[in-house]
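There are 2 protein chains.
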Amino acid sequence: MPTISKRGEQMPSSPIRKLVPYAEAAKKKGIKVYHLNIGQPDIETPKPVLDAVRHSNFKVLEYSHSAGNESYRRKLVTYYNRFDIQLTHEQIIVTTGGSEAILFAFMACLDAGDEVLVPEPFYANYNGFAVEAGIKVQTITSHIESGFALPAMEDFEKAITPRIKAIMICNPNNPTGYLYSREELEVLKQVCLRHNLYLFSDEAYREFCYTGEHFSAMNLEGLENNVILMDTISKRYSACGGRIGALVTKNQAVLDAVMKFAQARLSPPSFAQIAGEAAVDLPVNYFDEIKAEYQSRRDVLVEMLNKMPGVFCPNPGGAFYAIARLPIDDADKFCQWILESFSYEQQTVMLSPATGFYATPGLGKNEVRLAYVLNKEDIRKAMICLSRALEVYPGKTLQRNGSVLLGEKH
Amino acid sequence: MPTISKRGEQMPSSPIRKLVPYAEAAKKKGIKVYHLNIGQPDIETPKPVLDAVRHSNFKVLEYSHSAGNESYRRKLVTYYNRFDIQLTHEQIIVTTGGSEAILFAFMACLDAGDEVLVPEPFYANYNGFAVEAGIKVQTITSHIESGFALPAMEDFEKAITPRIKAIMICNPNNPTGYLYSREELEVLKQVCLRHNLYLFSDEAYREFCYTGEHFSAMNLEGLENNVILMDTISKRYSACGGRIGALVTKNQAVLDAVMKFAQARLSPPSFAQIAGEAAVDLPVNYFDEIKAEYQSRRDVLVEMLNKMPGVFCPNPGGAFYAIARLPIDDADKFCQWILESFSYEQQTVMLSPATGFYATPGLGKNEVRLAYVLNKEDIRKAMICLSRALEVYPGKTLQRNGSVLLGEKH
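These protein sequence lines are chains W and U, in that order.
Under this note's numbering, residues 4 to 413 are what the first sequence spells out, in order.
Under this note's numbering, residues 4 to 413 are what the second sequence spells out, in order.
Keep in mind the hints are simulated off the structure, nothing from the lab.
Careful: at least some of the hints might be erroneous.
The list treats identical chains as interchangeable, and a pair is accepted whether it falls inside one copy or across any two copies.
[Claimed, not checked] Restricting the straight-line Cα-Cα distance to at most 27 Å, the calculated cross-link-like pairs of lysine-lysine (DSSO-like) are:
(1) K192 <-> K139
(2) K62 <-> K294
(3) K161 <-> K62
(4) K379 <-> K310
(5) K139 <-> K9
(6) K78 <-> K62
(7) K30 <-> K9
(8) K384 <-> K310
(9) K30 <-> K62
(10) K50 <-> K62
(11) K62 <-> K384
(12) K192 <-> K50
(13) K379 <-> K30
Next comes chain W alone, as it looks inside the complex:
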């Protein structure tokens, strides 16, 4: 039998999905599982967005332009204009989800053996795309104590080697929820200019900012040829299944190269491009309600977490994720145990161990990521479950006097 490739072996399993069998087993036992583990929002996809597809009346489901329908790209120009991002439609290549935008950027800008520098914790699937592209993710650690703020410029200077060709951020951040400030982006600009690096900016959660305005890497003056924006309609319009994203840059050589990758796979999905185009026409206040909803969920989640003995959760500035430090020995064990061996009033909660979001071994061992994609009532119930679980978990590290045994060390 022929063997699979080394790349196939090296390809990481999804750290989020490996707990799925335990959740399924819990459900079979009649236990209700609150899913705070994945970024699948429960928010309804806006009706006009779905209706645009449902009312479409073409006769042939044709390939679109490899860069996406021109009408959609022109519409996206008006979308970006709202954020003072000035573009032409030819600077936008519509991709199959944000995922493909990331893969295309890796492939077009980096060669096998090159490296991309990412603040950790980071979106774990960057690892998968790196393996596909034969490149390596190097990390620079951000810390829960500072709410996962951007590491200092000196730390970047120390981390940069000749193999590093790009810095990559997710802003606001998945998994930390941290919203990078304009000042932090200016630091990145200096570093990228000094070392001639690309800046890959994943801005999937642009609209969901609670502690300030979003500042896009596309607005860094003088960095136009270095910045590549990865975008997606998945979270913005609760349209994850559409698989429509975009790669945006003013660097013509990158556009030309990415276009060749886009042509090889022929076109992005046609149905969801119709949805994406309709989404740009939603009233501008569409996000007000959604943002207020996420913000109030965040408030409930973070407040309840920080009231639990030994728990610390910095208040996230954007997206819909938070990372909390728990008084536990091992987040992977805990997240499995809470599904497999625990329930409270026939309920439990599914969380993501933060270890999957760090590259440095040992980091995140007492941290979990929580996605606040459920309504507030469910979040409250989930937090009650978590609180009870922390009281009885065999690997708890909280002492009777309130001090934490091991947790702080990790």
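The hints should help you fit chain U onto chain W, whose structure is shown.
Same frame as chain W, now just chain U:
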């Protein structure tokens, strides 16, 4: 400014799309262009398939399972059963078009530096996916004189080196239209078993066979662990824009590896999975009419081509492509010239130079690919244009005595 990657430079441009600016210029001059250059069928997507999407009533456009909706995969099992292919739904991974199935197979089975052996002429985008995966396409030449039949076993034996890890075929073939016989597939089986190779079988045109029954590589007994089927709904149901395909194999290690690639990109498009699922429920005789239509188009095309002085076009057994040898000096020049400098009654025709489908330099220089994706009346008009063009083309190689000057040599 940071530079693009070597991979980005090596990535081939689409050989089909490079003539697009000339076609656009012709249209601006008021010339009607018959598009025989791309595999975008004019056949309407079946109404029940589009209606399934239009009548869908979900509220949230969610991620599907990374392997595709289970209901769709179970439906695909019944589809494959019609061809005596026995499977479980867990042996099917739904992909974003057939394109992604090809990329996943390359990535999961081959490492950088490995090679895949493909009979040429071949679908040019295999080159693009090979560059993405860091692998190399090696070719074994099939010949227009034999209608592009599979090269002999001895030719395969000569072509196989330790770097070759897989043989890849497209059956029926794009770009030649050749339908591989069961006997030819048995030859491939012997070669694959002897050298422990994967057999990648792209069967996008399975339903469109005119000269015999389709025999799937999945039905090669004893080769179950070597065969990977790449499939797509694009041509089958004239649903190219859906971007739904599938990777099918009985090799569990490959399924496990491919699943990790599938998880990294989260899920295939949701809308078109609904379309694909509805398509399996079309009446089984749905293809009778479509196939009869393509076959009658083929008959018109091939007959008219072979009546032109100095032209030879073998009769294709399947798909909707034909390769014709023309009495011309250079197919690339000719295909540009016919758009740029020729028209007959304000009409012209767009063809694909066959050079783009060969890897061996010089081959295909007097051959073009024609996709019979237009109605018969348009095909007739296009053939009249082509016939007139061949009379006046400055690089024509046909002499007054009927002999061809250079064409046969290439």
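Status of each hint after checking the structure:
no. : hint          : result
1   : K192 <-> K139 : within (22 Å within a copy, 38 Å between copies)
2   : K62 <-> K294  : between (38 Å within a copy, 19 Å between copies)
3   : K161 <-> K62  : neither (58 Å within a copy, 49 Å between copies)
4   : K379 <-> K310 : within (17 Å within a copy, 75 Å between copies)
5   : K139 <-> K9   : both (15 Å within a copy, 16 Å between copies)
6   : K78 <-> K62   : both (23 Å within a copy, 24 Å between copies)
7   : K30 <-> K9    : neither (36 Å within a copy, 50 Å between copies)
8   : K384 <-> K310 : within (15 Å within a copy, 78 Å between copies)
9   : K30 <-> K62   : between (43 Å within a copy, 23 Å between copies)
10  : K50 <-> K62   : both (23 Å within a copy, 8 Å between copies)
11  : K62 <-> K384  : between (48 Å within a copy, 24 Å between copies)
12  : K192 <-> K50  : neither (39 Å within a copy, 52 Å between copies)
13  : K379 <-> K30  : within (21 Å within a copy, 58 Å between copies)
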